[in-house]
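A.B. asks: Each chain, letter by letter, is given below.
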Amino acid sequence: MLTRLRFKNWRSLRDVEIADLTPLTVFIGANASGKTNIVDALAFLRRLLTERSRDAVFFAENVRPIRTVGVTDEPIEIEVEYKSPPQHTNIAYSLTIDPQELSQMDEMFFERIDDELKLVGRGKTGMGRFKSGFFVEGDGVGNLFLQMLTIPFERITTGEFPFEFRTLAQFLSPHSQFLNESASAPERSPITPSTDYLNIDQDGSNTLDVLNFMQQNHPAVFAELMNDFRWLLAHVEDASITFDGRETRLTVKERPLSGQTAPTVSGGTLRLLAMLTAYYALDMQLPELPGLVVIEEPDTGLNPGLLKRFVEQLREYTRRTDRPRQFILTTHNPAFLDYFQPEEVRVVSRDDKGETHVERVPDSIKEIWLDEYGLGEVWKTRAFGGLPE
Amino acid sequence: MARIWFIAEDDSGFQIARRILEKRGIRVQVERLLPTGSNPNIFQLAKQIDRLIATVRQDKRWSPQDCIAVLHDWDIHKQPDRTAYDTIRAACERHKQEGLPIKEVTAKDEVEAWLLADSGVCAWLAQKPDKKCDTRPKPKDMLDNWCKDARKPPYKSEKGLKEVVNHIAGDGDRYSPSLREALTHLKNAPCIQP
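Chains A and B, in that order, are what the protein sequence lines are. At position 104 of the first sequence the residue is numbered 84 (the working numbering), and the sequence of numbers has no breaks. Just add 6 to the spot in the second sequence (first one is 1) and you have the working numbering.
The shape of chain A in the complex, shown without the other chains:
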């Protein structure tokens, strides 16, 4: 499980540390406060571990510049701390890059500098030094840096490196799933040969392909997903995926229609299906390994009356010891926040300089308010931050 995140010079995250993460963590904050920048940084690490670093940087830069506006002479630093089961060893992964320099490098190699293995790039414009590595707390392990830019991901995950490294690398990717705020399952999707059947796309566009693969190859996982789908949405009697050689199609049978197929499927239903698929996709490969599910604004499209049940379901997922999972969520919705504990919430805000700050909900809130009021109700009193001016 991720226990601590630290960012320097990553977009609006000029210098941010987020400690004591819980299995279920929700980030709240006004629009443009920096919630998505936190999620993007994790998605960047995921890409970094599956692709070459330069590709990940180029991809991220294509979306938006990744270095804090106004900062030109300092590198970007991302650090994550992870508690690895079963011994609960603390592992940290840290990355230091200069995207501008990185883009000018033609080759990468490691060099021992000041007793540390440092990543060095050589290009037409000169030399650059970057740092990317794991640090394991404990006796006799010390600093060990992996050549993340040059070593294929398979070598990290298949036994050449110590167990803790492999677990963290797996956890960040491929055992992580990301869904953005508008992600949704389509009702039908044409065949796409390059589709990833094990990982859901951030916009949910390949949900049906993942589900079809699950239905065919992991029927027990698919059945479990359907059970939860029916539990969460009382109107759903059954759902299935069909593939006719040209397109994959979702069929939902509804109770109000006496089990007949619904002619259309609601947006909220499709979004919920994408979220469940993101979670259950992790059960299709090495389910016993810890997994991470990051969902932006999961409450979008869900009726307020469903939110309690939905959060309870997520909480139950985090308690499955045979398949340890961590959820990182964002929300704007006080009604959604009502079902979280203060220690599960991080408040994101931006100061006058445009820099993001992340804080915990004050401990006193529980004692003062929560005997009678939900956390979301208290949020609206401005007892803690995260609301627009």
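Worth flagging that the hints you see were computed from the coordinates, not collected in a lab. Fair warning: there could be bad hints in the mix.
If you want a taste of the chain A side facing chain B, the calculated C-beta under 8 Å gives, among others [stated by the list, open to error]:
| # | residue |
| --- | --- |
| 1 | Glu357 |
| 2 | Thr361 |
| 3 | Ala363 |
Quick reminder that beta carbons are idealized off the backbone N, C-alpha and C, glycines included.
Starting from the known structure of chain A, fit chain B onto it as the hints suggest.
C.D. replies: Here is chain B on its own, set in the frame of chain A:
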């Protein structure tokens, strides 16, 4: 800089008070806390007053130089049942007795009365300052009507409130005794810098 923590009946009252302090050159950092609910009101304020005060006192930014202002409408024309107002007054008194720098600040009959006599707001809405503003039964409705007559966004909308607040000159105490009293309270508060 010391802070003044407004525990306000609703957000519009807070925004008006903050702007008046600013226009009067009163140097203080201002924070706000509101009762729960989408449309907080005097009953929620009365029910939650102790929780709200406790929240301020537990805030990590709270310092002994800070003070608290509990801001609400007096509503004498529309609320014959004074229980909620008595509860708020008693709570403020109790906390004051315990040494907390707290003031109850009331507007007669609503905080919008202070704006009916404000030269900036009146000029913007092409109205003469109302010399009897504190005795009007429904100042909020009056202000809303003034906005509509001037073809401005209605005061009761978020946009209208923002526009009105932007035009406050902060001199409504010429004709509003309740604002005069509120400003006297606030100027003498220990958190206000001379």
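A.B. asks: All hints, please: hold or fail.
C.D. replies: Now the hints, each set against the structure:
At a threshold of 8 Å, the smallest CB-CB gap from A/Glu357 to chain B is about 4 Å, leaving the interface hint in force. Hint status for A/Thr361: holds, given a least beta-carbon distance of 5 Å to chain B, under 8 Å. Proximity of A/Ala363 to chain B holds as hinted, the smallest CB-CB distance being about 5 Å (cut-off 8 Å).
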